[in-house]
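4 protein chains.
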Amino acid sequence: MKYATRINSFLRTGCTVLEALDMIGSIEGVKYVDMNYPEHFKTFTIEEIREALERNHLRLNAVNLRFREEFLFGAFDNPNLILQRKAVTMCKEAATLCKELSGCQCIIWLGFDGFDYSFQKDYVSSWKDLVACFREVCESVDCKISCEYKPYEERVFAGIESWGSVWKLMEDVGCGNFGITLDFCHMLMKKENPAFAAALLLDKGKLFGIHVNDGEGSTDDGLMVGTVHPFKTLELFYYLKKYDYQDVIYFDTFPKRESAVEECRINRQICGLFEDIIDRVGLEQIDKVISQHSGEAAAELMAQMMSVS
Amino acid sequence: MKYATRINSFLRTGCTVLEALDMIGSIEGVKYVDMNYPEHFKTFTIEEIREALERNHLRLNAVNLRFREEFLFGAFDNPNLILQRKAVTMCKEAATLCKELSGCQCIIWLGFDGFDYSFQKDYVSSWKDLVACFREVCESVDCKISCEYKPYEERVFAGIESWGSVWKLMEDVGCGNFGITLDFCHMLMKKENPAFAAALLLDKGKLFGIHVNDGEGSTDDGLMVGTVHPFKTLELFYYLKKYDYQDVIYFDTFPKRESAVEECRINRQICGLFEDIIDRVGLEQIDKVISQHSGEAAAELMAQMMSVS
Amino acid sequence: MKYATRINSFLRTGCTVLEALDMIGSIEGVKYVDMNYPEHFKTFTIEEIREALERNHLRLNAVNLRFREEFLFGAFDNPNLILQRKAVTMCKEAATLCKELSGCQCIIWLGFDGFDYSFQKDYVSSWKDLVACFREVCESVDCKISCEYKPYEERVFAGIESWGSVWKLMEDVGCGNFGITLDFCHMLMKKENPAFAAALLLDKGKLFGIHVNDGEGSTDDGLMVGTVHPFKTLELFYYLKKYDYQDVIYFDTFPKRESAVEECRINRQICGLFEDIIDRVGLEQIDKVISQHSGEAAAELMAQMMSVS
Amino acid sequence: MKYATRINSFLRTGCTVLEALDMIGSIEGVKYVDMNYPEHFKTFTIEEIREALERNHLRLNAVNLRFREEFLFGAFDNPNLILQRKAVTMCKEAATLCKELSGCQCIIWLGFDGFDYSFQKDYVSSWKDLVACFREVCESVDCKISCEYKPYEERVFAGIESWGSVWKLMEDVGCGNFGITLDFCHMLMKKENPAFAAALLLDKGKLFGIHVNDGEGSTDDGLMVGTVHPFKTLELFYYLKKYDYQDVIYFDTFPKRESAVEECRINRQICGLFEDIIDRVGLEQIDKVISQHSGEAAAELMAQMMSVS
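Residue numbers (our numbering), protein chains in the order written: chain A, 1 to 309; chain B, 1 to 309; chain C, 1 to 309; chain D, 1 to 309.
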């Protein structure tokens with residue numbers, strides 16, 4: 001599996017993006033990074049970033065769109081068409097940058113789109129805006145475009161809020177280069193079982209990215225991988241391996257009290273452990289358990305997973 | 001608006017289905033009932049039921065499929081194909097009954113389909129089963145078929161669990177007579193805003209039914225309409241009126257400590273109050289507030305709604 | 001550790017209480033049972049039950065009070081004083097039975113006490129009723145009395161709903177034989193970390209019982225131990241061992257699709273595995289990790305726990 | 001009723017604390033403010049603040065302690081005793097300031113105390129630290145000290161997390177000047193019914209403060225008062241009036257898309273409406289409904305509340 005990590009975990013300590021890349025480069029087994037547009041591209045040139053990536057043997061995975069305060073009333077569903085146009089343009093710019101740096105895809109999370117109050121949003125026209133903007137972006141760029149959803153935060157209700165509605169959105173958009181990024185914590189917040197949607201999307205070739213982390217289900221806790229729900233994480237890893245997932249696994253965790261380097265290293269260590277557990281039990285053995293539709297067999301498999309490695 | 005109520009609220013006191021119909025017939029403003037298949041059709045003939053409906057000036061709204069203990073391992077996604085076939089057959093039988101009694105639609109809720117444990121279900125083949133069975137039912141009957149979802153209970157994770165995934169399912173099934181029934185409490189359980197999905201479905205002509213009730217969001221509390229979230233309920237009613245919803249509003253509440261007749265009467269009274277509030281404020285005025293995308297305007301509208309009637 | 005299991009999991013298949021005891025007796029490592037009063041004492045005499053316990057080398061752990069439909073409006077907080085008196089009397093009867101069968105304690109869960117709607121309950125007088133009734137029971141019996149709380153179900157809001165409020169209740173009651181039973185799923189429903197309250201109660205000698213199971217946090221799922229939150233369960237087991245807990249660990253799980261015997265056996269197997277994991281890592285090593293207040297150290301400990309056994 | 005509002009809602013636009021006070025002074029019906037220590041006392045002298053309060057006819061309600069990044073590992077439960085001492089000292093300083101400005105109380109919210117991971121915290125010694133620090137603060141100052149709890153955020157699990165555990169804490173601290181501040185959103189996050197704890201605390205004279213706002217229950221949404229749960233808010237207001245609450249009602253809302261002045265004005269307007277609704281129905285009439293323990297009567301009261309004003 002290929003692993004990427006989050007630059008902002010490192011920036012928090014006051015270093016620059018290039019220094020963050022140097023730190024990430026020192027972490028064994030992490031060969032990719034995601035970068036946020038525009039914020040991570042403000043201080044250094046593309047050339048400087050490319051060079052920092054290369055000297056650290058890192059590759060760019062995704063460019064993540066970050067719409068900030070200017071888009072308080074929404075990016076794609078902003079009632080102000082000038083801002084909506086600006087948001088679409090930013091996505092195209094990000095796609096160009098992504099290509100220049102040989103990145104794999106752009107990820108669009110519309111944190112400010114949605115609503116806080118009843119009677120605050122025309123849902124039907126908002127949905128049409130989302131479809132139209134995603135389609136325009138997808139048709140304009142030579143790059144995979146992936147939609148990441150989160151049920152709430154920034155808004156009390158997001159415009160795109162569940163795996164099902166992203167899938168519906170994908171059909172409405174109707175572009176081959178449009179796919180979905182799942183985020184483990186966001187799925188817990190929506191009371192989804194991560195492996196469920198992952199399997200359905202993998203089966204259709206539409207899982208473009210996966211953000212791993214963990215949490216308690218109410219907020220986007222960003223805890224280290226597997227520290228709350230190891231079996232849900234293991235089930236997810238099983239499907240990634242079963243479908244030979246070739247995209248990148250991204251650590252979307254939020255070290256606050258932790259050292260960014262140490263925390264990333266432990267994420268990587270736990271993922272390695274989980275890969276090892278899946279390999280030791282074996283895909284065939286897990287397939288066999290699943291085919292029994294049995295709570296007993298599933299529980300015994302989980303017990304086995306805690307002692308196989 | 002047309003209103004229906006739940007027969008099981010009445011049966012709980014030990015009466016028969018016919019006696020329940022007589023009680024419901026006495027409640028002003030409730031002109032429809034939903035009946036569960038097979039359980040409400042076991043004691044009396046179709047003729048007896050028809051006669052009881054007629055003498056109470058009641059009409060049949062929906063026939064609701066109820067898969068009970070035999071389908072513990074699922075109806076449409078049951079790994080035992082004999083049981084899966086039986087479930088499909090039951091749906092066809094229900095559709096026939098529905099027609100004979102001049103009902104409007106069959107509602108299929110797959111309470112037992114889904115999973116409790118990680119590694120217990122092959123999600124991809126399960127989804128395919130759901131699509132195939134719904135399609136077979138839809139193609140076999142001359143009746144609207146509506147899918148009702150609930151995120152959990154009976155299963156810890158339901159196979160069909162959100163408005164988005166039902167919408168995706170609807171596209172995969174691809175039949176014109178296939179639509180969706182939303183349930184207010186089930187939507188709260190999934191952290192959905194009821195009016196959001198309702199608006200999108202109404203706009204596409206795919207909202208076949210709406211179950212009203214209220215609750216705290218963790219379980220299917222079945223409280224009386226509007227007693228916890230009156231503004232979410234009012235927003236829903238606004239969209240029903242805006243799109244001139246012609247189907248029936250069903251009280252899916254669970255009186256436990258309450259008298260079934262009184263509780264139904266109060267549901268109806270509150271719905272009448274809410275209709276009145278929407279009418280007094282006026283669709284145009286509400287449209288105007290929504291078009292402002294403003295928290296302030298939305299909050300002032302809500303305050304107005306509490307004093308307009 | 002001593003383990004007990006739930007008789008109703010077995011009765012579900014249609015057997016008698018005595019037959020259930022025979023089945024439980026066949027499960028290795030489970031040496032205790034809890035029995036519900038009055039329902040498990042209706043068919044057989046005390047002598048017959050005692051004999052069935054003895055022939056299966058089982059001991060009675062707790063007698064659990066079960067207030068059923070008659071107490072729909074509450075047991076201890078029932079506004080009808082005749083029913084409140086009856087509830088208190090039932091507790092005293094249960095304590096007598098418990099003594100006769102050499103049980104360890106009575107557990108009182110007030111499932112029907114509480115409220116569904118705003119403006120339905122006088123909270124202050126209700127709390128006073130709860131305090132007075134618990135005190136009366138505690139003072140009348142020669143037996144440990146343990147209060148089990150659950151935040152909701154049967155009621156939408158329970159009268160006793162969190163570890164904190166039970167602890168407050170305990171102080172208001174002020175009897176030495178009054179303590180608390182924690183239930184893992186109930187704690188998840190209230191967004192509590194089980195080990196947190198367990199540690200505080202163990203430190204005061206007030207953890208009278210612990211119900212283990214697992215779930216997703218919205219409802220009382222009753223899944224097998226550790227199948228969702230193994231680390232929360234392991235942290236709980238660590239404190240039980242650290243404080244040399246001498247009471248019984250009760251499997252409060254709800255096999256639905258599972259065989260009761262198999263499911264109980266797997267619960268016991270997983271608890272054995274978890275005890276083994278704690279022992280292999282060692283209390284001292286875990287103490288040392290905890291004393292560091294470090295997310296990194298905690299995560300590494302959890303990774304170690306998945307590979308130590 | 002007396003109303004206060006939140007200064008940070010105004011500072012967000014870039015104005016100074018004194019300018020914020022001028023803006024608040026312009027809002028009819030809001031006669032109090034809360035100020036955060038140390039952050040709101042950094043730019044201006046006490047004299048300047050006192051003068052700004054006076055010219056705006058405002059009074060200081062509470063000084064709220066705000067422990068920021070330095071206290072990432074906790075204030076009262078910080079394992080570093082130097083920082084713990086510093087936190088206690090800050091509380092004493094805040095109490096002095098509060099007195100100088102004729103404020104009513106200090107509110108201590110320990111946002112950073114608690115834990116993110118299993119095995120990260122020694123719960124027993126942490127609780128003892130909390131008790132000792134609160135006691136030291138209470139005994140050292142001539143001022144009411146009120147503890148505000150929030151179940152999570154900043155930490156994944158807070159050290160003080162529910163009304164019950166604060167009440168227990170209050171008993172352990174054992175000081176007459178120690179009380180509790182309830183926050184509506186925080187209570188929803190913990191699945192509590194605000195009026196329940198408020199009634200019990202009012203009955204004991206221990207409700208020192210109340211923060212009103214609204215939200216969906218997963219996060220601290222800070223929506224305008226009553227916009228999601230008007231009946232829960234009305235029930236709370238009923239108890240405030242019934243017990244003749246003389247402390248201040250504080251708007252702890254977070255206008256993001258809204259104008260701070262307008263949003264505050266609407267909060268005040270809605271509270272006025274709710275006071276009016278309670279008055280029109282009348283305490284005696286509400287008492288009578290509550291005394292019936294009836295869902296039907298409660299629901300009819302709620303319907304009445306929507307049309308009485």
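No lab work stands behind these hints: they were computed from the structure.
No experiment lies behind these values; they were computed from the predicted model shown.
Glycine included, every Cβ here is placed at the ideal spot set by N, Cα and C.
Careful: at least some of the hints might be erroneous.
[Unchecked claim] Below are the EDC-like pairs computed for lysine to aspartate or glutamate, each with C-alpha atoms no more than 20 Å apart in a straight line:
{"hint": "1", "chain 1": "A", "residue 1": "K256", "chain 2": "D", "residue 2": "E70"}
{"hint": "2", "chain 1": "D", "residue 1": "K256", "chain 2": "A", "residue 2": "E154"}
{"hint": "3", "chain 1": "D", "residue 1": "K128", "chain 2": "D", "residue 2": "E139"}
{"hint": "4", "chain 1": "C", "residue 1": "K256", "chain 2": "B", "residue 2": "E70"}
{"hint": "5", "chain 1": "B", "residue 1": "K206", "chain 2": "B", "residue 2": "E136"}
{"hint": "6", "chain 1": "A", "residue 1": "K86", "chain 2": "A", "residue 2": "E136"}
{"hint": "7", "chain 1": "D", "residue 1": "K288", "chain 2": "C", "residue 2": "D122"}
{"hint": "8", "chain 1": "D", "residue 1": "K128", "chain 2": "C", "residue 2": "E275"}
[Said to hold, decoys possible] Rough simulated footprint, nothing fancy, chain B against chain A, three-plus residues with beta-carbon under 8 Å:
{"hint": "9", "region": "11 to 18"}
{"hint": "10", "region": "60 to 68"}
{"hint": "11", "region": "161 to 169"}
{"hint": "12", "region": "228 to 239"}
{"hint": "13", "region": "259 to 267"}
[Unchecked claim] Pulled from the structure, derived: some chain C residues nowhere near chain B, Cβ distances all over 12 Å:
{"hint": "14", "residue": "C15"}
{"hint": "15", "residue": "T45"}
{"hint": "16", "residue": "L72"}
{"hint": "17", "residue": "R85"}
{"hint": "18", "residue": "L101"}
{"hint": "19", "residue": "Q120"}
{"hint": "20", "residue": "V131"}
{"hint": "21", "residue": "E153"}
{"hint": "22", "residue": "V156"}
{"hint": "23", "residue": "G174"}
{"hint": "24", "residue": "M189"}
{"hint": "25", "residue": "D214"}
{"hint": "26", "residue": "E296"}
Point to revise | Hints not upheld, ascending by number | key: 8, 9, 10, 13, 16, 19, 21, 22, 24 and 25
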